[in-house]
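Peer 1: Just so we're aligned: the sequence shown equals residues 1 to 130 in my numbering.
Worth flagging that the hints you see were computed from the coordinates, not collected in a lab.
Fair warning: there could be bad hints in the mix.
[Claimed, not checked] Derived DEER-like restraints, expressed as beta-carbon distance ranges:
1) Glu105 to Gly45: 53 to 61 Å
2) Asp47 to Glu112: 47 to 55 Å
3) Thr118 to Thr68: 20 to 28 Å
4) Val41 to Pro67: 19 to 27 Å
5) Val41 to Gly114: 36 to 44 Å
6) Asp44 to Glu112: 45 to 53 Å
7) Glu105 to Asp33: 42 to 50 Å
Beta carbons are placed, not taken as given, at the ideal position from N, Cα and C, and that holds for glycine.
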Amino acid sequence: MDVANAFNSISVETIVKALKFHEVPHYLQRLLDAYLREKEVVWDGGDGRFYRCSIGYGVSQGSILGPTLWNVGFYWLLRVPIPLRLNVCYDLCYVDYTFRARNFEEVARLAEAGTSITVNRIAMLAMRVS
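Throw the hints in and build the complete structure from the sequences for me.
Peer 2: This is the structure:
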């Protein structure tokens, strides 16, 4: 599954909530919150004035911090309970995913259900899967 425009589309709010969820020390939460919220774009309007716009989405990609914050936020937003009826028997492994089911049809159903849950959770956060 590929999240479209991933690093630019995760919200600051999602990352801040994830930092709290993961019990990151409060001083680091405050530091990262300020770092993330104090971003803005400034551009020349061509009319002799400069314009500013605050940015509430995205992480920087020029260091390890941006991708790390994205991973923390994305891991948190995907922590959605999987219905117990999806946990059954036999295994099918593909890349780094394992599905347990009684037969191939059940594996396909589980894969579709799990994918649907994940895509819906991503969409709730104004992100999309490409």
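Peer 1: Evaluate each hint against the coordinates.
Peer 2: Okay, the hints, checked on the actual structure:
1. Take Glu105 and Gly45: their Cβ atoms lie about 59 Å apart, and the range 53 to 61 Å holds.
2. Against the hinted window of 47 to 55 Å, the Cβ-Cβ separation of Asp47 and Glu112 comes to about 53 Å, which satisfies the hint.
3. Taking the beta carbon of each, Thr118 and Thr68 are about 21 Å apart, inside 20 to 28 Å as hinted.
4. Here the CB-CB span from Val41 to Pro67 is close to 21 Å, well matched to the stated 19 to 27 Å.
5. For Val41 and Gly114, the hinted distance range of 36 to 44 Å is satisfied, since their beta carbons lie about 37 Å from each other.
6. Separation of Asp44 from Glu112 is about 49 Å and conforms to the stated range, judged on CB atoms against 45 to 53 Å.
7. Distance hint check for Glu105 and Asp33: the Cβ-Cβ separation is about 47 Å, which falls inside the suggested range of 42 to 50 Å.
Checked against the numbered hints above, the structure violates none of them.
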